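Going by the working numbering, the letters in the sequence shown line up with residues 8 to 153, in that order.
Please note that the accuracy of each hint is not assured.
Straight line, CA to CA, 20 Å or less: simulated PhoX-like cross-link-like pairs of lysine-lysine [as the list claims (entries may be wrong)]:
id	residue 1	residue 2
1	81	109
2	146	115
3	134	107
4	109	146
5	125	109
6	125	115
7	120	109
The calculated label-pair distances, taken between Cβ atoms and stated as ranges, are [stated by the list, open to error]:
id	residue 1	residue 2	range
8	55	147	27 to 35 Å
9	68	140	21 to 29 Å
10	93	56	17 to 25 Å
11	81	60	24 to 32 Å
12	136	88	29 to 37 Å
13	144	84	19 to 27 Å
14	77	109	23 to 31 Å
15	73	130	23 to 31 Å
16	130	85	30 to 38 Å
17	81	140	17 to 25 Å
18	102	72	26 to 34 Å
19	76	110	29 to 37 Å
20	107	77	28 to 36 Å
21	130	89	27 to 35 Å
Hints listed in this document are in silico derivations from the structure and should not be mistaken for laboratory results.
Just so we're clear, the structure is a prediction, and the values are computed from it rather than from any experiment.
Heads up, the beta-carbon is just placed ideally off N, CA and C, and yes, glycines get one too.
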Amino acid sequence: MNTAIKILLLALPLTFATGLAQANNSAEGRWRQIDPDTGRAKSIVEIRRTSNGTLNGRIVELLNPSRPNPVCDKCEDDRKNQPITGMEIIRGMRADGAGKWKGGKILKPDEGKVYNSKMALIEGGRKLEVSGCIAFICKSQVWERL
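Using the sequences provided together with the hints, build the complete structure.
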C-alpha cells in the first residue's frame, strides 16, 4: 500500500476526534432543556454565535406545551405576546474562558422574567449548565446536547 494512503488512513480518525472535541467546546447547537423540578424535557433550544461573537439562543420546539401555540403574555419587553416557539430566550452571552459564558440574559417565558445568566459546558460538552440569577440568588438547569 502506498505510504501516502497509509498516512491518510491513520490521520482520518485523529481528524474526526479533533473535530468532535472542538465541537464539544462550544455551546453552539441544539439542546434539550430539562425542567429541574420534574426532570422532563420542556423544549429544544438552538444556540448560535452572532456577528459580534456573543451567543444567543431561541426555542425551536416546545415539548408538550400546556396550551397550543402559547405566547409570552407575561413578558414585559419586545417579546410580549409573541409566540414562544421561535422566541429568543438567551441574549448576549460572552465567552469567559474555555467552555464558559457569562454576561448574558435569559428569559423564562412562563414567568415573563429576565435573569442575568451564565453557562458552562459539563461532562465533556455533552451537557450545558445554564444559570439564571437575580442578585445573588441563582437557579440552574442542566441541558442535554442533541
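Consistency of the hints with the structure:
At most 20 Å may separate the alpha-carbon atoms for a hinted pair to count; residue 81 and residue 109 exceed this at roughly 25 Å. Of the pairs offered as hints, the one joining residue 146 and residue 115 holds, with about 11 Å between alpha carbons and a cut-off of 20 Å not exceeded. The suggested pairing of residue 134 with residue 107 holds, with an alpha-carbon distance near 12 Å, which does not exceed 20 Å. Only pairs whose Cα atoms come within 20 Å are accepted, and residue 109 paired with residue 146 is accepted, the gap being roughly 15 Å.
Using a Cα cut-off of 20 Å, the hinted pair residue 125 and residue 109 holds, with the two alpha carbons roughly 4 Å apart. Between the alpha carbons of residue 125 and residue 115 the distance comes to roughly 14 Å, so the proposed pair stays at or under 20 Å and holds. Among the hinted pairs, residue 120 with residue 109 is consistent with the structure: their alpha-carbon atoms are about 18 Å apart, no more than 20 Å. Under the hint 27 to 35 Å, the C-beta atoms of residue 55 and residue 147, about 22 Å apart, miss the expected range.
For the pair residue 68 and residue 140, the supplied restraint of 21 to 29 Å holds, since their beta-carbon distance comes to about 26 Å. Against the hinted window of 17 to 25 Å, the Cβ-Cβ separation of residue 93 and residue 56 comes to about 19 Å, which satisfies the hint. The supplied range of 24 to 32 Å is met by residue 81 and residue 60, whose beta-carbon atoms lie about 31 Å from each other. Separation of residue 136 from residue 88 is about 31 Å and conforms to the stated range, judged on CB atoms against 29 to 37 Å.
Residue 144 and residue 84 have their C-beta atoms about 21 Å apart, which keeps the hinted 19 to 27 Å range intact. Distance hint check: the CB atoms of residue 77 and residue 109 are about 29 Å apart, consistent with the given range 23 to 31 Å. Taken as a hint, the range 23 to 31 Å holds for the pair residue 73 and residue 130, whose Cβ atoms sit roughly 30 Å apart. Between residue 130 and residue 85 the C-beta distance comes to about 34 Å, which sits within the given range of 30 to 38 Å.
Taken as a hint, the range 17 to 25 Å holds for the pair residue 81 and residue 140, whose Cβ atoms sit roughly 19 Å apart. Separation of residue 102 from residue 72 is about 32 Å and conforms to the stated range, judged on CB atoms against 26 to 34 Å. At roughly 32 Å, the beta carbons of residue 76 and residue 110 sit within the given window of 29 to 37 Å. Our hint of 28 to 36 Å for residue 107 and residue 77 holds, since their Cβ atoms are close to 31 Å apart.
At about 33 Å, the CB distance of residue 130 to residue 89 agrees with the hint of 27 to 35 Å.
Going through the hint list in order, the structure does not satisfy hints 1 and 8.
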